[in-house]
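Those sequence lines, one after another, are chains G and P. Counting from 1 along the first sequence, just add 5 to a position and that's the residue number in our numbering. Counting from 1 along the second sequence, just add 53 to a position and that's the residue number in our numbering.
Since the hints were derived computationally from the structure, they do not count as laboratory data. Any given hint could turn out to be false.
Per label pair, the in silico range of CB-to-CB distance [as the list claims (entries may be wrong)]:
1. P/V160 to G/E308: 15 to 25 Å
2. P/L524 to G/I106: 49 to 59 Å
3. G/N309 to P/G87: 50 to 60 Å
4. P/N315 to G/D103: 50 to 60 Å
5. P/T153 to G/I366: 50 to 60 Å
6. P/D79 to G/E241: 38 to 48 Å
7. G/N309 to P/L524: 29 to 39 Å
8. P/V160 to G/F110: 51 to 61 Å
9. P/T153 to G/T209: 40 to 50 Å
10. P/G87 to G/E308: 51 to 61 Å
11. P/G483 to G/I310: 30 to 40 Å
To be clear about the criterion: a stretch of chain P counts as covered by chain G if any three or more of its residues have a C-beta under 8 Å from a C-beta of chain G, and this derived list gives those stretches [what the hints assert, rightly or not]:
12. 76-83
13. 146-156
14. 590-599
15. 622-633
All of these numbers come straight from a predicted model, not from anything done at the bench. Ideal placement from N, C-alpha and C gives every residue a C-beta, glycine not left out.
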Amino acid sequence: MKHIYHIRSWGGALVLVMFLQQTLMAAGYQVLLQGNRATAMGNLGVGLRPDASSMFFNPGAMPFMEGNQVMLGINLISSNIAFWDSQTLNSNETSVTDNPIGTPFHAYAVWGPAESKWKFALGAYTPFGSKISWGQEWQGRYLLDEISLTAIYTQATASYQLLDNLSIGAGIVAMFGSVELQRVLPVTSDLDPTIINLQGDAKTGFGYNVGLYWVISEKWQMGASYRSRINAELEEGDVTFENVPASLELLFQPNKFSATLPLPSQFSLGFNFEPSEQLTLGIEANYIGWSAYESLDFNFEDENIAIQDTESPRNYHDSYVFHFGGEYRLNEFLFRAGTYYDLSPVDKGFMTPETPDTNRIGITAGLGYSLGEKLQLDLSFLYIRGQQRTQTIEEAQAVGTYPSATNSTYAVEPGTYKLRAYIPGLSITYKF
Amino acid sequence: MNRIKNIILAILYAGLVISCKPEIHDVPVPATGGVNFKEYVALGNSLTAGFSDGGLYLEVQQQSYPAIIAEQMKEINTGLNFNQPEMPSGNGSGYFKLKTLDLVNGVFDFVILPPDATWTNKIPGTYQNLGITGIRVRDIAVNGYGANTTQGNPYFYRILGEQEANKSYLDVVSESNATFFTSWLGPNDVFEYAFSGGSDGIEGQPGTGINGLTPVDDFEASYDAFMNVMAGKGASGFLMTIPDVTNIPFFTSVGWNALAMNTEQAAAATAGYAAMIDPQVEAGVAEATINLVATDTVLSVGVIPDLADTTVFLQAYQAAIAGGADQATALQIAEDYVESQEGIAKIAFLESELNVELPAHLLGQPTSPELDPLFAIIDEQLATNVELQQAIAQTRDQITQAYEAGFLPSLEAVVAQQTAAQITALKAAGIYPTFIAGNNGFVIEVPVSQANPLGIRQMVAGELVLFSIILTDELTPQKAALPKPDDLVLTLEEIGNIREYTEQYNDIIEGYASTNMGILNMEVVYESIQAGAFIDGVEVNADFIQGGVFSLDAIHLTPRGYAIVANSLIQAINQKFGSTIPPVNISDYRAVILP
Chain G
6 MKHIYHIRSW
16 GGALVLVMFL
26 QQTLMAAGYQ
36 VLLQGNRATA
46 MGNLGVGLRP
56 DASSMFFNPG
66 AMPFMEGNQV
76 MLGINLISSN
86 IAFWDSQTLN
96 SNETSVTDNP
106 IGTPFHAYAV
116 WGPAESKWKF
126 ALGAYTPFGS
136 KISWGQEWQG
146 RYLLDEISLT
156 AIYTQATASY
166 QLLDNLSIGA
176 GIVAMFGSVE
186 LQRVLPVTSD
196 LDPTIINLQG
206 DAKTGFGYNV
216 GLYWVISEKW
226 QMGASYRSRI
236 NAELEEGDVT
246 FENVPASLEL
256 LFQPNKFSAT
266 LPLPSQFSLG
276 FNFEPSEQLT
286 LGIEANYIGW
296 SAYESLDFNF
306 EDENIAIQDT
316 ESPRNYHDSY
326 VFHFGGEYRL
336 NEFLFRAGTY
346 YDLSPVDKGF
356 MTPETPDTNR
366 IGITAGLGYS
376 LGEKLQLDLS
386 FLYIRGQQRT
396 QTIEEAQAVG
406 TYPSATNSTY
416 AVEPGTYKLR
426 AYIPGLSITY
436 KF
Chain P
54 MNRIKNIILA
64 ILYAGLVISC
74 KPEIHDVPVP
84 ATGGVNFKEY
94 VALGNSLTAG
104 FSDGGLYLEV
114 QQQSYPAIIA
124 EQMKEINTGL
134 NFNQPEMPSG
144 NGSGYFKLKT
154 LDLVNGVFDF
164 VILPPDATWT
174 NKIPGTYQNL
184 GITGIRVRDI
194 AVNGYGANTT
204 QGNPYFYRIL
214 GEQEANKSYL
224 DVVSESNATF
234 FTSWLGPNDV
244 FEYAFSGGSD
254 GIEGQPGTGI
264 NGLTPVDDFE
274 ASYDAFMNVM
284 AGKGASGFLM
294 TIPDVTNIPF
304 FTSVGWNALA
314 MNTEQAAAAT
324 AGYAAMIDPQ
334 VEAGVAEATI
344 NLVATDTVLS
354 VGVIPDLADT
364 TVFLQAYQAA
374 IAGGADQATA
384 LQIAEDYVES
394 QEGIAKIAFL
404 ESELNVELPA
414 HLLGQPTSPE
424 LDPLFAIIDE
434 QLATNVELQQ
444 AIAQTRDQIT
454 QAYEAGFLPS
464 LEAVVAQQTA
474 AQITALKAAG
484 IYPTFIAGNN
494 GFVIEVPVSQ
504 ANPLGIRQMV
514 AGELVLFSII
524 LTDELTPQKA
534 ALPKPDDLVL
544 TLEEIGNIRE
554 YTEQYNDIIE
564 GYASTNMGIL
574 NMEVVYESIQ
584 AGAFIDGVEV
594 NADFIQGGVF
604 SLDAIHLTPR
614 GYAIVANSLI
624 QAINQKFGST
634 IPPVNISDYR
644 AVILP
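Produce the entire structure from the sequences given, and follow the hints as far as they go.
Here it is, written out as structure tokens:
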């Protein structure tokens, strides 16, 4: 028999909408791994004596590089985030991400005519990216189950030595990116968990970087660079569902989405100091234009009571990173170490599970080894220690990212988060 | 080179080898506090057994709130033993399952999975979940409560040994080794009354049935016996109170005014009731009016002149006696008086006064007080004077004939006018159903009374329709507007009874609060669900199906609902006894299974 039931208010559909309001990306999707020499020295690169990776760190420095170079490198990111449901009294519920190993790479070729003041370079690298897998069991699974963000930058650069001790450079960047994220929908059925998956490629985005390098003296050098913001514009992304019970099939149809994610600008200033032949010390500061990340909005091609366009404020603020590092030469070996302090751009209440961002300390070490004149190996190891950070329900409610009496947006999972990352890397440089 | 290769490999793999996952060191370690969790026993009814979707079956039993709590207690006492009288895997006692659900139009269809043939088989043993479906506080000391499966309680029967047929529930409780217990006994003493639409009344009062409300004294005596048993064990525990049953989806899913109509339907239904009621009203008015006219006519011709004459005569006679005349003289004075002009005028005046006020008197309306003795005489005549009665009946028949033949237009006008007035009065009293486009109150059957001769009325705000109405054909377009039987609704009076008894039972339960006996106010728990809450990533409320808390029977909870109850108890236990039993994540427990 059929039962006609007069539904008082269709709260259920609103619940489903709510779970799509959460958004793609969070802070800390910047990947500072563009050269393992720099990585090993506390991730500083702008003021260092140039090598091929300077086309990323400071295109202005390239004219001071001797000869030509091709550099290939890779890093293996093993990072995990732990979560504790500290916002529920007496809770001992914890979870930890089971992230796949991330593999950012970099490839640079720098060439200049002999005796010329010009240097030209081509390169590809991955300055932004994130792979996080919380799984389908953790408490915030209705916000995020898995995410993978990749942005590959390709760059063409020209540099010119203006003066004996000063050079400048500029590059044009084309960005290719893609995003995939998956979350569990709060539906109970006889099937496996119902899942929504959003996957899309970004439109090719364009930007630039510029730099300046000043050899102040034999012992002191200074570098400054700026990299512009590129917006990753996702269009015609695919929305798909898995394990949809029959009663929800009409609502959960394959769909298309669009969204825009800013890849922020960065201004860097660094100094290099060489007290002796063997020793190099560097300091650097970065100013990152995270305030561009105001909100993340999803637009769906077909809307219904369960699938509706969403706007989700992020309100990041601009942030700083401070680096300190050094290098010591002993015969054919270069011993390197360093540290940096990366300040979170994420305000209270906006810490999302995509990368629950906290202030981070990076500790680095590495080794360079010259195999004759032509070949150079650079190994690095980076340990990132994110400060344990607790986001309370009240903080989130105060900024409207967690449901309260007056608001139904569910964008963050309050609780305590802690990040650790272990990142070994290797670059090979061929000089000619 | 080999050395370098080894260094490279070592560094590259170092990350993988030492990438021990981060741990948060502030996570608390569950602790026992001041309570002994050696043996936890749960007492109660179906809600404690884990009953859900109209049945008790293995999957929901395993997610009963006592099972959830016991599992969490194991984080403190790893050796905790918690057995439940599990149903055979399968359908258990049978339950509902959604077959189809059209969320947009709110139409659903369910299948009723039949019970397992073996579910009532005996499985005697020592159980820590003693939630017995159907049990009331007043049943707990009854010997033979589980004697057999037909008249006894089959859920109790199955946990008793072959030789234990005569045991009461309290006997079983007293045999347990509980060091800590929770009790959610009490709800059924009032719920059964509510679920029968209040039609079973209050037990012990006239006209009541088996599902009547438990008399408060019986409840108190029975609860006291139970508390004595627990006191004898020295067990500490938590007593859960009875929530207000009228706020669960069983009573809130179909509104009192859920009778939705468009303009045409409303007009047709109104006309339909009018066509049924108006002739009844008119016939009644006509009969009463004709009776009044006939009585009035006969009295004014055959009784009143005589009565006036006699009254004036008597007054004159009594005045003469009072003036000192002897009996004979007084008689003469009175006879002369009624013949005199003054006497004749007085008689005529009294006669006209009586005639004028007679209709009012016959209608039961107040009349001039000085006429009361005379009207009393008339009433007595009407009651006892057979000749008069016959005369009236005869006259009534004559008038009726003339009226029905259409010879009495003036009388027809009076009847029509009074019919209209009475209909207006019926409408005002809510017992003449009318309908408008939009929502309308259902029509329900009520006892026939003088004030409500039709025995129907429309529901009013605050009254409740039982969810079980959707299992009948009462809501089909053909029948939706017809009167609904009393056992499908709760009237304001019945709701008042429910609330009053709930409060009284809860007062009794709360009276047992002590240092080792906590009280969990379940009304607070239910109110938080009704208000709607966002917990552990899911929204929950008391709506049917999509609220996630109430199961398909609209009474019992889903595993998610039971998890909320478990967490409420856990936090209350922690607060009272200083323990730190961890709560569960309620989104790990399922809501209604969508087809």
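Status of the hints after comparison with the structure:
Take P/V160 and G/E308: their Cβ atoms lie about 23 Å apart, and the range 15 to 25 Å holds. For P/L524 and G/I106, the hinted distance range of 49 to 59 Å is satisfied, since their beta carbons lie about 57 Å from each other. At about 54 Å, the beta-carbon gap between G/N309 and P/G87 stays in the expected band of 50 to 60 Å. The hinted window of 50 to 60 Å between P/N315 and G/D103 holds, with their beta carbons roughly 57 Å apart.
Between P/T153 and G/I366 the C-beta distance comes to about 57 Å, which sits within the given range of 50 to 60 Å. For the hinted restraint 38 to 48 Å between P/D79 and G/E241, the CB-CB distance of approximately 45 Å keeps it satisfied. The hinted window of 29 to 39 Å between G/N309 and P/L524 holds, with their beta carbons roughly 31 Å apart. Between P/V160 and G/F110 the Cβ separation comes to about 56 Å, which falls inside the hinted range of 51 to 61 Å.
Between P/T153 and G/T209 the beta carbon distance is about 47 Å. The supplied range of 40 to 50 Å therefore holds. A beta carbon spacing of about 56 Å between P/G87 and G/E308 agrees with the range 51 to 61 Å that was offered as a hint. The given range of 30 to 40 Å is respected by P/G483 and G/I310, whose C-beta atoms sit roughly 38 Å from each other. Evaluation of the coverage hint for the segment 76-83 of chain P: fulfilled, as 7 residues show C-beta separations to chain G shorter than 8 Å, against a requirement of three.
Counting residues of the segment 146-156 of chain P whose CB falls under 8 Å from any CB of chain G gives 5; the rule of at least 3 is met. With a threshold of 8 Å between beta carbons, the proposed coverage of the segment 590-599 of chain P by chain G holds, since 8 of its residues qualify and at least three are required. A count of 4 residues in the segment 622-633 of chain P with a Cβ less than 8 Å from any Cβ of chain G is obtained; the coverage claim is therefore met, three being the minimum.
Of the numbered hints given earlier, the model fails none.
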